[in-house]
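Participant: From first to last, the protein sequence lines are chains A and B.
If you count by the working numbering, then the first sequence holds residues 1 to 206, one letter each, in order.
If you count by the working numbering, then the second sequence holds residues 207 to 381, one letter each, in order.
Because the hints were derived from the structure by calculation, they are not lab data.
Think of the CB as a built atom: it goes at the ideal place given N, C-alpha and C, for glycine as much as any other residue.
Hints are not guaranteed to be accurate.
In silico negatives: residues of chain A with every beta carbon more than 12 Å from chain B [to be verified]:
| no. | residue |
| --- | --- |
| 1 | Asp19 |
| 2 | Asp97 |
| 3 | Phe98 |
| 4 | Ser155 |
| 5 | Cys171 |
| 6 | Ser174 |
| 7 | Gln189 |
Going by beta-carbon spacing under 10 Å, a handful of chain B positions derived as facing chain A [claimed, not checked]:
| no. | residue |
| --- | --- |
| 8 | Ala215 |
| 9 | Leu237 |
| 10 | Met241 |
| 11 | Pro245 |
| 12 | Phe248 |
| 13 | Arg250 |
| 14 | Glu255 |
| 15 | Leu257 |
| 16 | Met271 |
| 17 | Ala279 |
| 18 | Ile297 |
| 19 | Asp375 |
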Amino acid sequence: MAAEVLRMIPTKESVEPDDRQLVEQIRQGDDGAFETLVRRKTSKVYGLCYRVIGNGEDAKDISQLVFLKLWENLEKYDSAYAFDTWLYRMVTNVAIDFMRNKQSRDNAVNSNLRLVKTSVDPEQTVTVQRKEVESVFNVVSGVLSPKQKTIFVMSEMEDLRSSEIARILGCRESTVRNHLFNARKLMQQQLKKRFPEYARLWEESR
Amino acid sequence: MITCRQFRANLQPGTADAALLDHLRHCDACLDYAMGIDPDLFFRSIGGEELVPPGGLDAFVGDVMSQVRVRGAETSLAPRRAAGVWQRLAIAATVAAGVTGATLVYRIEQRPPAAHPTQTAAAAVKSAVARSAALATKSFVETYSSHNATIVEVPNEGSDAKIVMIFDDTLPADL
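With the rest of the complex left out, here is chain A (with noise of 0.2 Å):
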């Protein structure tokens, strides 16, 4: 009996409003049900630009930015679709744009400096350190372009499929495949050429 009346009590998990609901109080000119949203999106939204842009600062504005520009266009949203799409596809959109303006500017300013290749012996064996891949991911995804990088990073750091990541940037699932499949062959080239030491760790699993 006791157990029956605990389960009829709202939990504070029930009585929290789905996104869907949270954009309609919104709409209605609830400034803190939007609050609600961004405290609830910051972490997807912050570690998405993070992933992509590489860089915490950057990263951070880049989230602000989302944030306006959905507080802006929220009369937009068409409820009959999944909220998170939605988000993702405003994220992809303003970190793709700032990686390509990044790009023609480190191009413009690094169009002289050269390659110095690394001193480490391919022959030794390496203990992966987690620390490691991602300054390791940050140097090699750097010959990728922003929409493959976008979409290496939604499908292996953001776990998510190929078809929510072809409707998320409005293209074709085997787009998105394409893309990841393009990504991971130059990353493993830069791995051969920048770290030789975990390159050897796909050429001993052949």
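We have chain A; now place chain B onto it with these hints.
Facilitator: Relative to the frame of chain A, chain B by itself:
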């Protein structure tokens, strides 16, 4: 989270199992083992974390909300600045009237000035003076004799002056 033993027993190349990926992302001991099974898991190991912006979540949310309030204030002022339909029509009518008036004034100013009565009289006097001056420069003939001429004298009442008319084909036309 599953144990290391479960992870190692179930890990297959190309896995997308959420529990396995979660373990991979939190257990350093199993990361190296996973690389030996499937090197493509290399970059998958850095996903899945809850990332917080620099400065913390509260500061981030505070920044976003303050920017939203600023934008909100801007947009709420906007309707007050915008004119209603009747106001817009009135403004358009005023502008149209102004433009039409200015055009009319400009056209009137460009037109050649109309003949004014005083100006006409002055012009007539001026031309008469010029004509008389032209006549004055001509030689004055006091006596005239010719075999071919016909001279007619017209007496003028109450005055010494006489009007004399000379008809002679040999005389210059402007005399």
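Participant: Could you run down the list of hints and mark each one as holding or not?
Facilitator: Structure-based check of each hint:
no.: 1; hint: Asp19; verdict: holds (16 Å)
no.: 2; hint: Asp97; verdict: holds (19 Å)
no.: 3; hint: Phe98; verdict: holds (15 Å)
no.: 4; hint: Ser155; verdict: violated (9 Å)
no.: 5; hint: Cys171; verdict: holds (21 Å)
no.: 6; hint: Ser174; verdict: holds (18 Å)
no.: 7; hint: Gln189; verdict: holds (14 Å)
no.: 8; hint: Ala215; verdict: violated (19 Å)
no.: 9; hint: Leu237; verdict: holds (5 Å)
no.: 10; hint: Met241; verdict: holds (5 Å)
no.: 11; hint: Pro245; verdict: holds (4 Å)
no.: 12; hint: Phe248; verdict: holds (6 Å)
no.: 13; hint: Arg250; verdict: holds (5 Å)
no.: 14; hint: Glu255; verdict: holds (7 Å)
no.: 15; hint: Leu257; verdict: holds (4 Å)
no.: 16; hint: Met271; verdict: holds (6 Å)
no.: 17; hint: Ala279; verdict: violated (12 Å)
no.: 18; hint: Ile297; verdict: violated (29 Å)
no.: 19; hint: Asp375; verdict: violated (104 Å)
Going down the numbered hints, you'll see the structure goes against 4, 8, 17, 18 and 19, while the others check out.
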